[in-house]
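Peer 1: Sequence:
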Amino acid sequence: MIYLASPIKRPRATKAEIENRRAALWNIVWEMHPMTVRQVYYQATVRNIVEKTEAGYAKVQTDLAIMRRTGRLSYDWLADNTRWQRKPRTFDSIEQALQDTARFYRKSLWTDAACYVEIWLEKDALAGVVMPVTSLYDVPLMVARGYASLSFLHTAAEFISSLDVPAYVYHLGDYDPSGVDAGMKIERDLREMAPRSEIHFERLAVSPSQIEQWNLPTRATKTSDSRSKNFGEVSVELDAIAPDALRSLVESAINRICRRTNSGFCRSQSKVNEST
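All you need for the numbering used here is the position in the sequence shown, starting with 1, plus 5.
One should not assume that every hint holds.
[What the hints assert, rightly or not] When the alpha-carbon atoms are kept at most 27 Å apart in a straight line, the in silico BS3-like pairs for lysine-lysine are as follows:
1) LYS227 to LYS57
2) LYS57 to LYS20
3) LYS190 to LYS57
4) LYS190 to LYS227
5) LYS234 to LYS190
The set of hints was computed from the structure by calculation and includes no laboratory data. For clarity, every value in this text was computed on a predicted model and none was experimentally measured.
Sequences and hints are given; from them, build the entire structure.
Peer 2: As structure tokens, then:
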């Protein structure tokens, strides 16, 4: 059988069009960094810079790579916590160890607090996006990578069990059958493993109201997912939420608990730590 060339030819983008696209991508990252490549892609789709397809995602990946390699875009503006190095901390001398310890000393904000807070994140790649807030408020960021392992859950539950104060656990994950179920499983297992603890569990994102309010880009629910029955046809990735909005959700949740339990001590203490 002979396959004839397709009569439909998609015109290649001109140099001017590529330059305009990269300038638009630069503006997105400049406004919202740190963010992931996939977050840039979603923001580009809602601005009609690229199409919401794999080809559109590939354009964003390629453009951002070229822009970083040529020095046009700072490497620090894009977060990637999926790859990291393991290395023990070492010092050249005892004097250096003492100096570094003094320089990096930071008082725990939660020692005398009337509660305990954790942020649980489904996606490892988004850790660098949320970490500026959790680090500022000295709040643990628990990266579950979808379904948390039993060992990880047990360690978390064991610590919560050791506390004499209520634990507030906030989860961020995809709005799809597995993402929602993974969050429910974390709550269920923590309660089962720490039965005597007071645990307040809340799903911060993604929610149906956020999808509607922010007009988030959607995708079809995967029918291959065994949990898709009765879920609905529309799913939304956590990456679709703008980075600033994602950070704001986390910060608002932490401050809400601070106001409820300890008169907003987090904000004043975090400013002190930020300046030192």
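Peer 1: Look at each hint and say if it fits the structure.
Peer 2: Here is how each hint holds up against the structure:
no.: 1; hint: LYS227 to LYS57; in the structure: holds, 17 Å
no.: 2; hint: LYS57 to LYS20; in the structure: holds, 21 Å
no.: 3; hint: LYS190 to LYS57; in the structure: violated, 31 Å
no.: 4; hint: LYS190 to LYS227; in the structure: holds, 20 Å
no.: 5; hint: LYS234 to LYS190; in the structure: holds, 18 Å
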